[in-house]
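Since chain A is already given, all that's left is putting chains B, C and D on it; use the hints.
Number of protein chains: 4
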Amino acid sequence: MAKKFYSGIRVIYADTDAMGIAYHGNYAKWFEIGRTEFLRQIGYPYATLEKEGIWLPVVELVIKYKQPALYDDILSIACWADDLRGASVIMRYEVKRKVSGELLVDGYTKHAITDPDLKPMLLKRTKPEFYNDVAATIEDE
Amino acid sequence: MAKKFYSGIRVIYADTDAMGIAYHGNYAKWFEIGRTEFLRQIGYPYATLEKEGIWLPVVELVIKYKQPALYDDILSIACWADDLRGASVIMRYEVKRKVSGELLVDGYTKHAITDPDLKPMLLKRTKPEFYNDVAATIEDE
Amino acid sequence: MAKKFYSGIRVIYADTDAMGIAYHGNYAKWFEIGRTEFLRQIGYPYATLEKEGIWLPVVELVIKYKQPALYDDILSIACWADDLRGASVIMRYEVKRKVSGELLVDGYTKHAITDPDLKPMLLKRTKPEFYNDVAATIEDE
Amino acid sequence: MAKKFYSGIRVIYADTDAMGIAYHGNYAKWFEIGRTEFLRQIGYPYATLEKEGIWLPVVELVIKYKQPALYDDILSIACWADDLRGASVIMRYEVKRKVSGELLVDGYTKHAITDPDLKPMLLKRTKPEFYNDVAATIEDE
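Line by line, the protein sequences are chains A, B, C and D. With the numbering used here as the guide, the letters of the first sequence map in order to residues 1 to 141. With the numbering used here as the guide, the letters of the second sequence map in order to residues 1001 to 1141. With the numbering used here as the guide, the letters of the third sequence map in order to residues 2001 to 2141. With the numbering used here as the guide, the letters of the fourth sequence map in order to residues 3001 to 3141.
Calculated directly from the structure, the hints in this document are not laboratory data. Positions of the beta carbon are idealized from the N, C-alpha and C atoms, including for glycine. Fair warning: there could be bad hints in the mix.
Okay, the calculated bits of chain D under chain A, using three or more residues with CB under 8 Å as the criterion [unchecked claim]:
id : segment
1  : 3008-3016
2  : 3019-3028
Over 10 Å on every C-beta distance to chain D, these chain A residues come out as not near it, computed from the model [unchecked claim]:
id : residue
3  : S7
4  : R40
5  : D82
6  : H111
7  : D117
8  : R125
As a list, the in silico BS3-like pairs of lysine-lysine whose alpha-carbon atoms are at most 30 Å apart [to be verified]:
id : chain 1 : residue 1 : chain 2 : residue 2
9  : A       : K110      : A       : K127
10 : D       : K3124     : C       : K2066
11 : A       : K66       : B       : K1004
Chain A with its partners taken away, still in its complex shape (with noise of 0.2 Å):
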């Protein structure tokens, strides 16, 4: 089981549509809330990655709604690595409404690893620590 790192937000009237819930396509972004936080915890914080010339560009990303969020509502987002590849890691998310607990949203976003001019990078040769440090998460227990 791959150990999971939460991080959260509110919903803001920003972030609801005329059906009175929040946006769908916010998701993308409270996804990247969650993947940050996950950075961060582990202790390569993305703006770090970016100036060691690390960039993970999403090249697919996988929503499924099961419930809708409302306005006010505080969302816990849980995010956990996944798959990790010679230049590629998937990102896995949970999206839960704070108080109750109820499932809102899942997905993934899968990411290729590359330098700056987008060039895949082999993680575990280039950046042995990094690649490891992702990999322990995955197999932690």
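Showing chains B, C and D alone in chain A's frame:
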């Protein structure tokens, strides 16, 4: 082959991010524009559908990123229906850079077909005309 | 001196633009976060006010930009009430970079105080308790 | 009378909020669309200006809200230059509901005119042609 419907937008500063490209989460709203124009062009603006009690909540969003969109790019959005079922429909999308024709993104949204209480609606029975008109775009050749 | 209420956010990629800074339009939603926390902290969450039939539509927004916010910056948002009148109130804001304390932006929103039909409401008469609790934050020393 | 330049957008679900209207913060990006089209129509697309080293960072944003924009409304955005000075310019905006002509919002943005290091630039001296072409829209009759 399903009939494709086209719309377009221009990437503004608000859409870009610090990587200098369009933020990946924006495609959810550009898919919405494509889908809205599809419905309008076949004669069922979404605002009208809602008034008639037909809701199309997004239950799944999938986006595959091929190339980044850049500031001031004009994007061509193709949208078409696929796999119309009893109480669901899949809408597919291709977003291209208009000038070069490069494919930037493709993906789909899966929609439940519901009443305003989010109960599944058997579209073929309750709104056969709309069902048939969507179906006709799929069988189009 | 009015009493200031504080909240905070962290700038994510979705908030930045191709200049490498937070897009100037985002401050409208960050002001909303500040205002929402102001109301919650004085005991009147906006969701509750709405249920009681008190709406606070924005009728004017003014933002003055001093310094840009950058990716991953933590922003401190101060919000306070000012100039509470019969059927309107001004909320003022300062957004600072948390680490350095630099002032990035200041501004205000002016709100009408209305019923759900957007008719002006004489708050002092219809909800004197809320009126007095807001007024108390202004006279605070 | 300054010459007005026109552009338009359609309000999508992503733009609306739980009040059923366009979120007030969206006008910052709609002003951007108006301003971008102004520059393009006078022959200086913003992307080109940037390449030539002319930046126009927003230093002030003022929006006055008269009427709400609704889902699926087509909005007409008028934009014109005003008060062009040594190293700053004001751009004014009116956003109307296209069908009815109702004024929804007016406002302005004040821009510094700078080099890429954000140092003020005396436009009249460094880019007299651009200065004169903007000035000509203000004196237009």
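Inset, instruction - Please settle this one: R40 (chain A) was flagged as non-interface, so is its CB more than 10 Å from every CB on chain D? - result: The assertion about R40 (chain A) holds, with a minimum of 27 Å to chain D.
Legend entry - Nearest-CB test (10 Å) between chain D and D82 (chain A): Its Cβ never comes within 10 Å of chain D, the nearest being 29 Å, so this holds.
Inset, instruction - Count residues of the segment 3008-3016 of chain D with a Cβ under 8 Å from any Cβ of chain A, then say if the count reaches three. - result: holds (count 3)
Legend entry - Minimum Cβ distance from S7 (chain A) to chain D greater than 10 Å, as the annotation requires: Non-interface label stands for S7 (chain A): nearest chain D Cβ at 23 Å, farther than 10 Å.
Legend entry - Distal placement of H111 (chain A) relative to chain D, Cβ over 10 Å: Non-interface label stands for H111 (chain A): nearest chain D Cβ at 24 Å, farther than 10 Å.
Legend entry - Outside-interface status for D117 (chain A) - nearest CB in chain D farther than 10 Å: The assertion about D117 (chain A) holds, with a minimum of 21 Å to chain D.
Legend entry - Straight-line alpha-carbon gap K3124 (chain D) to K2066 (chain C), limit 30 Å: holds, 24 Å
Inset, instruction - Sort out whether K127 (chain A) lies within 30 Å of K110 (chain A), counting only the CA atoms. - result: holds, 19 Å
Inset, instruction - Closer than 8 Å, Cβ to Cβ, for at least three residues: run that test on the segment 3019-3028 of chain D against chain A and report holds or violated. - result: With 5 residues closer than 8 Å to chain A, the segment 3019-3028 of chain D meets the three-residue bar; holds.
Inset, instruction - Would you mind confirming whether the straight-line C-alpha gap from K66 (chain A) to K1004 (chain B) stays at or under 30 Å? - result: The hint holds at about 29 Å.
Legend entry - Non-interface label on R125 (chain A), tested against every C-beta of chain D at 10 Å: Given a closest Cβ separation of 37 Å, the condition holds.
Against the hints set out earlier in the document, no violation occurs for any number.
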